[in-house]
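Participant: In case you want the letters, here they are:
Number of protein chains: 2
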Amino acid sequence: MNDNTHRPQAISLANVRISEGFWGERQAVNRDRTIPAIYDQLVRSGRIDGWDVTKQRERPKKRSVVDMFWDSDSGKWLEAVGYSLLTHPNSVLEKQADELIAQIQKAQQADGYLNSYFTMVEPENRWRNLRDWHEMYNAGHLMEAAVAYYQGTGKRTLLDVLSRYADHIDQRFGPREGQKRGYCGHPEVELALVKLYQTTGERRYLTLANYFINERGKQPNYFDIEARERGDDPADFWAQNYRYCQAHEPIRDQQTATGHAVRACYLYAGVADIALETDDQELLEVSRRLWDNLTQTQMYLTGGLGPAHSNEGFTFAYDLPNETAYAETCASIALVFWAHRMFHLDPDGRYIDVLERALYNGVLSGVSYEGAHFFYANPLTSYPNVNPYEHWSGITSERHYHREEWFNCPCCPPNLARLVASINGYFYSITADTVYIHLYNSNHAHFEVQETAIHLDQRTNYPWDGEIQFSLQLEQPTQFTLALRIPGWCRDYELQVNGTKISDAPIAGYVRLNRQWQNEDKVSLSLKMPVERMISHPQVRMDVGQVALQRGPIVYCLEESDNGSNLASVYLPQDAPLTASLDKELFGGVSVITGDALRIVPLQWKGELYQPQSVTQYTQSPLKFKAIPYYLWANRMPGEMRVWIQQR
Amino acid sequence: MNDNTHRPQAISLANVRISEGFWGERQAVNRDRTIPAIYDQLVRSGRIDGWDVTKQRERPKKRSVVDMFWDSDSGKWLEAVGYSLLTHPNSVLEKQADELIAQIQKAQQADGYLNSYFTMVEPENRWRNLRDWHEMYNAGHLMEAAVAYYQGTGKRTLLDVLSRYADHIDQRFGPREGQKRGYCGHPEVELALVKLYQTTGERRYLTLANYFINERGKQPNYFDIEARERGDDPADFWAQNYRYCQAHEPIRDQQTATGHAVRACYLYAGVADIALETDDQELLEVSRRLWDNLTQTQMYLTGGLGPAHSNEGFTFAYDLPNETAYAETCASIALVFWAHRMFHLDPDGRYIDVLERALYNGVLSGVSYEGAHFFYANPLTSYPNVNPYEHWSGITSERHYHREEWFNCPCCPPNLARLVASINGYFYSITADTVYIHLYNSNHAHFEVQETAIHLDQRTNYPWDGEIQFSLQLEQPTQFTLALRIPGWCRDYELQVNGTKISDAPIAGYVRLNRQWQNEDKVSLSLKMPVERMISHPQVRMDVGQVALQRGPIVYCLEESDNGSNLASVYLPQDAPLTASLDKELFGGVSVITGDALRIVPLQWKGELYQPQSVTQYTQSPLKFKAIPYYLWANRMPGEMRVWIQQR
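Residue numbers (the numbering used here), protein chains in the order written: chain A, -18 to 629; chain B, -18 to 629.
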């Protein structure tokens, strides 16, 4: 039933070398700092030893679901290592990974079951609470790790272990007599099973993923059934509603992105996988519907998702508070995963526009410039004492919100590491006759079209400017389409092939150059990148009267370091010229935006909180402001930050 | 040690008759609707039967601290009835109250202990958790009820019961050998013991209140001690920090208003009582310091307090979010209590300015115009799906935020009822030679100065206009000072005595007319009441660029009923004339503010959430806006509401 030969497929990260430029630097930091720092934290927090069946794993003093998903953290770290080793061999990392894999292998039970917590701490509770206890979520991350580590090193140990575990799950769960009709409260295993299927060729894994996707939310709800089996009242579910885990109704009936944002996007990514692998038109429509709802009503300018701490997720359309934005790093990462699949399901640049928005803003803000500190929540305004990650607790932080080395629930750091390590895999896609170029960064790619080996070299200082040079090396002249993405943010561009201007308009986001390509052909693309004042949909009540600066894919912010405090009082005059320039001193050289703003502050306060405006005089002090890329905020002196700026 | 003869004392509500005007109407609604409606809810929720020792009170399925403070709800209702009977005899109410008091009397234990929950449900847990379980808080409300009911009816039953209970508490708690050095996690008993002392003359009650005030927050912290005695780890305190209950340090060391807002203001009211009764200069300074901190950095324009749901309380200076403002009705009521005491401790109109602000705005908004629906949280902006009372739950309300008939924790409705029923007691204060006039509303007061009976008649349509006429009836000419409050909001006024203009400037908020007053003397005061555009302190980042309309003591708001939806897009031009007029059709006749505003909305949205401003056109549609008093919002069609309005 599956004929996907017409569909684009991502060119593997094995075929794309990034050694310089923006992503070259980010990947180097990821390899040299982030991945080792996470390993240290895995060791320190007991997560590595937690796999060692010869060691006693202590029962936590207080039972916390966080202890139940340690395996996913190791899994994501192993996945990052797998990708990294593919392009950058590193004997230390490989040894650490191999040792960990050996422990994981030993922890696998005779029946294939594999979970450090439910083997060593609560063996009696295996598979008793799919809703809350993350067993399949852990399984999914280990499957993704197994696939990546196999791709990166050719070593099959983990892949075989996880295949056995997948077999175990496949026996336990499904529609057949004697099987449980369950699925995981935290989606993840669905997309992982598709990867496992794609890597091993075992079709049962695809069938199982398809089952999980379609069974979810059906009545009677499995989470009700298993709650009663435990002797619990389903009404006592702490999150109060299965919308939290997107299990309130079958996916085919769902109209809006809802609940926990990471769960939502992992699920939707799995839905897209199944739609693609099974050519399911209805699931394609569901995917488009949820995509439009999410990106057109529930997404921050940064690609952040999920404004609320309470459910780590969505609230309602246009509800996008800035200061208390939860916008979990993992949610933006999950959006990247989903967007990538959406393109392959429904080839259109609009998915990559969102992918790029999330990647350069809400994802990258999750890690410090030096690589070993992380944000969990990614607010768009930061003010002293406001901590969007903890503001529920009643104790506001006395300090400025800042990146942490680790978290009690450390899902974000290794998630970032695996995405940055695999970013090469997001650059290109290919069909029988078309090569899509999605992202821009200096790199060298090689692939085959019509059995001709082709090398494509891309040179650019993107995202700091929009000048991009391509050169092709071909064994022989070959007819195919080079499809260059014209980003949604770009309203003017120039394109040349071998010095000849091309005026083709983009179709579905890509200018498609179909020709007999010759060796040494050159393409140059110049994306005009003016500073834009972005405004929000008028129903985003928090952003009324304010603008955000964006240039290319980069969203900017004001920081106290450059602009002083009380940023709420800074106004951008409607007609103030805005200048983008490369600041070579800043973070290795990044574009900044400068201009003339005003700081408008009432005078003559005598201690009252309120006074009549008629007795008030204002100062209007000119401010030479400087805006820096949002993703780099909180890397210097602690202080206020603001993306949306008052305008008058 | 106590010489308070020089200090003003409130003229008892027994001596002030309000039969018409603003408060005449509010008190009638309170008597006819609110107090009976609350009684019905007390019955329906089991709180009346909960006192009946012959009935089995079921142990709640889930233990909740809310079940532990039922007694306070009956107490506040009885207190309201007591005040109401004083001026308006009502045999139905009195019978209900007498029957309830009879049950309460029967519920008192042989040792004087009195608590329905810890007698009938968890007798084993009496006095085991002062931090959380509200026993003394309940006691305090019953003491206040006992005093009010005695004042209102002359019946001593409840007063005697509560005196016995106070004796019990006095034996159990204190500094002496064998006593527990405890105090209540929720302050209230302190101010109530002072009332009980003032009514019974029993000095031990004052001493005990003084002890509670001064012991609070000392090291070793009693809450730590009792937690360990229960076998609990003090670190497991759910609120995480004793700032929540103002027990983190001794009151004399406290610099800022902190924690749960109602607890804070009840405590501070008790501190003021003790400072006054014991002439404690240091406690006076503490009171002034906390007052200034609270009113100058942590109070909404409406007199609302406590922006955060998480602790039902304070966060940090200038943190006053509007949409999620918790601003519990009880907190504004508590502020009124504290302000009233502060005036008597430190006679200055600035305290009454705050009292008046809270009263006409953040307090009255807590009850519907018809009197039987209540707000717990009082936000300054309301938007569909945003429920400041529940926004922590992860489930946003699908509806507009609206007043409820009752709450799981119904502290606010009876608190409102007792304040409105006793508002006459807030109008005047008296010393040996001065009569202070604090509040303006038609009323008739009688009192004695220098042993001369004086009747003071006040006629006005305040707060809808500022024209106030006084006439005096005296048995004989008498020399004294009539001190008329010039409200802080008033920048221009005219004052005449018997038609002769007086140009004395106010001192500490009062124009002091010292003379030999004659029978039939007339005073007329004209407080100019223009519409003011109020602005917030520049550090209130949420209100930057916005104004709120205020006229006299009344804060105004825009409602969707009058102005359509999407109020965030409404701009008030800087120079737009604003007109106040009496709308006789609206809520029995209230002043409204009208004028010309603009609704500025970007056009050409094609589904995106964000677009460049440079490609955007705006509509600027003129809007004849109408603002109504804030306290009356949500009494008509459900919809948006906004106090702070964009200005350009």
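Keep in mind that the hints were calculated from the coordinates and are not lab data.
All values reported here derive from a predicted model rather than from experimental measurement.
One or more of the hints may lead you astray.
Treat identical chains as interchangeable: a pair holds within one or across any two.
Below, simulated SDA-like cross-link-like pairs (lysine to any residue); rule was C-alpha separation at most 25 Å, straight line [to be verified]: (1) Lys76 with Gln132; (2) Lys76 with Gly27; (3) Lys605 with Arg270; (4) Lys43 with Gln221; (5) Lys503 with Gly212.
Participant: With reference to the structure, classify each hint as holding or not holding.
Facilitator: Hints and how they fare:
In this homomeric assembly, Lys76 and Gln132 come within 25 Å of each other (Cα to Cα) only inside a single copy, at 16 Å, whereas the closest approach across copies is 84 Å. Taking identical chains as interchangeable, the C-alpha atoms of Lys76 and Gly27 lie at most 25 Å apart only when both belong to the same chain, with a minimum of 18 Å there against 67 Å between chains. Taking the shortest Cα distances, Lys605 and Arg270 never come within 25 Å of each other, neither inside one copy (44 Å) nor across copies (39 Å). Taking the shortest alpha-carbon separations for Lys43 and Gln221, both the intra-copy value of 22 Å and the inter-copy value of 16 Å come in at or below 25 Å.
Taking CA atoms no more than 25 Å apart as the test, Lys503 paired with Gly212 passes in neither setting, with 69 Å inside one copy and 77 Å between copies.
Checked against the numbered hints above, the structure violates hints 3 and 5; every other hint is satisfied.
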